[in-house]
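Peer 1: Quick mapping for you: the protein sequence lines, in order, are chains A and B.
Residues are numbered in the numbering used here as their position in the first sequence, beginning at 1, plus a constant of 70.
Residues are numbered in the numbering used here as their position in the second sequence, beginning at 1, plus a constant of 11.
Rather than coming from a laboratory, the hints here were simulated on the basis of the structure.
Heads up, some of the hints might be wrong.
Quick list of in silico lysine-lysine cross-link-like pairs, DSS-like style, CA-CA up to 27 Å [what the hints assert, rightly or not]:
| hint | chain 1 | residue 1 | chain 2 | residue 2 |
| --- | --- | --- | --- | --- |
| 1 | B | K161 | B | K43 |
| 2 | B | K100 | A | K91 |
| 3 | A | K212 | B | K100 |
| 4 | B | K162 | A | K205 |
Away from chain B, derived, C-beta distances all over 10 Å, residues of chain A [unchecked claim]:
| hint | residue |
| --- | --- |
| 5 | W73 |
| 6 | V173 |
| 7 | T207 |
| 8 | M216 |
| 9 | V253 |
| 10 | Y292 |
We put the beta carbon where it would ideally sit given N, CA and C, even for glycine.
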Amino acid sequence: MGWSLGSNDSANIFGTGVGAKIIRYRTAIILISVFVILGALLEGEKCFATLGELSKLDSRLAFFTALAAAIVVFFFTFLGIPVSTSQAVVGAILGASLYSGAVDFSKLYKIVICWVLTPIGGAFTSFFLYHLMGKLTDRFLKNPIMRDTFIRWGLISAGCFGAYALGANNVANVTGVYVGSGVLSSFNGALIGGLSIAFGVLTYSRKVMETVGKKIVALDGYAAFIAELSAAVVVQIFTQVGVPVSTSQAIVGAVAGVGLVKGIRAVSLRSLAEIGVGWISTPVSGGAICYILLILFL
Amino acid sequence: MGLFKKGKEQEVAGMIVDLLEKVHQCLEETQKTVFHYLRGDLEEAKSSALKTDHIETETDHIRRRIVDTLYRGAFLPIFRVDIHNFIEKVDLIADNAEICCDFFLGQRPEIPDEFKKRFQKVIDDTLPMSLTFKEATENFFLKGNHDLIKKSITQIGIFESAIDDDEWKLTRDLFTSDLSLAEKMHLKRCLEKLTSISDQIEDTSDWLEVLLIVTKV
Chain A
71 MGWSLGSNDS
81 ANIFGTGVGA
91 KIIRYRTAII
101 LISVFVILGA
111 LLEGEKCFAT
121 LGELSKLDSR
131 LAFFTALAAA
141 IVVFFFTFLG
151 IPVSTSQAVV
161 GAILGASLYS
171 GAVDFSKLYK
181 IVICWVLTPI
191 GGAFTSFFLY
201 HLMGKLTDRF
211 LKNPIMRDTF
221 IRWGLISAGC
231 FGAYALGANN
241 VANVTGVYVG
251 SGVLSSFNGA
261 LIGGLSIAFG
271 VLTYSRKVME
281 TVGKKIVALD
291 GYAAFIAELS
301 AAVVVQIFTQ
311 VGVPVSTSQA
321 IVGAVAGVGL
331 VKGIRAVSLR
341 SLAEIGVGWI
351 STPVSGGAIC
361 YILLILFL
Chain B
12 MGLFKKGKEQ
22 EVAGMIVDLL
32 EKVHQCLEET
42 QKTVFHYLRG
52 DLEEAKSSAL
62 KTDHIETETD
72 HIRRRIVDTL
82 YRGAFLPIFR
92 VDIHNFIEKV
102 DLIADNAEIC
112 CDFFLGQRPE
122 IPDEFKKRFQ
132 KVIDDTLPMS
142 LTFKEATENF
152 FLKGNHDLIK
162 KSITQIGIFE
172 SAIDDDEWKL
182 TRDLFTSDLS
192 LAEKMHLKRC
202 LEKLTSISDQ
212 IEDTSDWLEV
222 LLIVTKV
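Given only the sequences and the hints, what does the whole structure look like? Please build it.
Peer 2: The following block contains the structure:
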């Protein structure tokens, strides 16, 4: 699960920078790995609690929950459908809880609200940051060389921040069920989760990063910087709330926010529809597969 | 400040300044070529034309180095293409100057005495235009004083209008003169070669304005 998450979601962080040849692929994956592990170790435990509250799972249920979520992520990725690991894991936990009869839907509303707010928050943040930082940039960075350097370093810094936010927020998707069931301590869960995400980043992220990079690089450098920064800010905010969210949906929302400023269609209706469908199909698939696995093997 | 250390961008900016200097030198030699030609001093005119040719070759080398550095990663990709287009336009100024010298020495237009000063004036008026463009572009890449650059672009437009006006009046006077139609047509072409330089400077200054716009959020 961690490997899959790392190989897919790293594209959201440095896809723009690598596509624009601002940062080398090798440097990008090293930076992402370092900051993902840092984020997981320093703030990862904040999201463990929310997944733990959702249901109390024993070690066997935790294993099948993680397996079901991994199958959903793999299957959706294989079909080329964007998938959120957070939604797959939450769905799988609910499936396991239904099986064990210990489901607590009262905790679910907070998670669902955060999922809906992720792309919306990304859009609002990038919309306002674009205006605010745009005024400052135009006022103080008139020399094209200084402006260019600022945007380059801005993209790299936002990427590092994004990697930190990914580690802090999404590590719970990888090892949260094991921490919740008591198989792993919070620290070990964060460490193993962070390392497995980093392993995915280091070994299998080039193709996705280059593909996403070419899509997002259509934005100018400043817009890409704002989109990356906004997505990272939003994901980090939800880490403080303790809810794992989708970094992909945060970046899609942020790109849409920049598009709104420029009056262009920077995001297709299809992308927005995919997010909406994903809110339902991913957790339902995760829950169904987990439930079926438990019936078959337990 | 470490963040703004010298890099490929600084290297490109330095080469653009060199390119502008060479283009201006190219125009100065073109002016001398026309001056000597109109005085009937063909040897000096040839010498200046040869210098123009050599300087134009140097501008080609600088342009290629700029393009090479640009596509090795200087500036963000979206800005890179605009700078590339701009550099090509700057180089065309030197190309037009060289073509102008070639025309004078290759086709030897016979310019009546009463028109000589007015032909000379066209190229003389192009020089301050080139200087203004050079200063504005240097300012853009090294300092970024947008107000001053906009003023310079406006000034270039005024220079160009004055040259256009002179061209129109000179064309009218040529075609109402007693010259043969062949001579009129030949002198008209000669005048077009001269004014092509100022036309190109104005066209390139429009691209400088595009660069100003794209650097703003």
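Peer 1: Indicate, hint by hint, whether the structure satisfies it.
Peer 2: We went through each hint and held it up to the structure:
Restraint check: the Cα-Cα separation between K161/B and K43/B comes to about 30 Å, which exceeds 27 Å; the hinted pair is violated. For a cut-off of 27 Å, the pair hint linking K100/B to K91/A stands: about 26 Å separates their Cα positions. Distance restraint check for K212/A and K100/B: the Cα-Cα separation of roughly 23 Å lies within the 27 Å cut-off, and the hinted pair is therefore satisfied. The hinted pair formed by K162/B and K205/A meets the criterion: a straight-line CA distance of about 22 Å does not exceed 27 Å.
At roughly 31 Å from the closest C-beta of chain B, the C-beta of W73/A stays outside 10 Å, upholding its exclusion from the interface. Under the 10 Å C-beta cut-off, the non-interface status given to V173/A relative to chain B holds; the minimum distance is some 49 Å. In this structure T207/A is not separated from chain B by more than 10 Å, as the shortest Cβ-Cβ distance comes to only about 6 Å. With a least CB separation of 6 Å from chain B, M216/A falls inside the 10 Å interface cut-off, contrary to its annotation.
Every beta carbon of chain B lies more than 10 Å from that of V253/A, the smallest distance being close to 45 Å; the non-interface claim holds. With a cut of 10 Å on Cβ distances, Y292/A falls inside the contact zone with chain B, its closest approach being about 6 Å.
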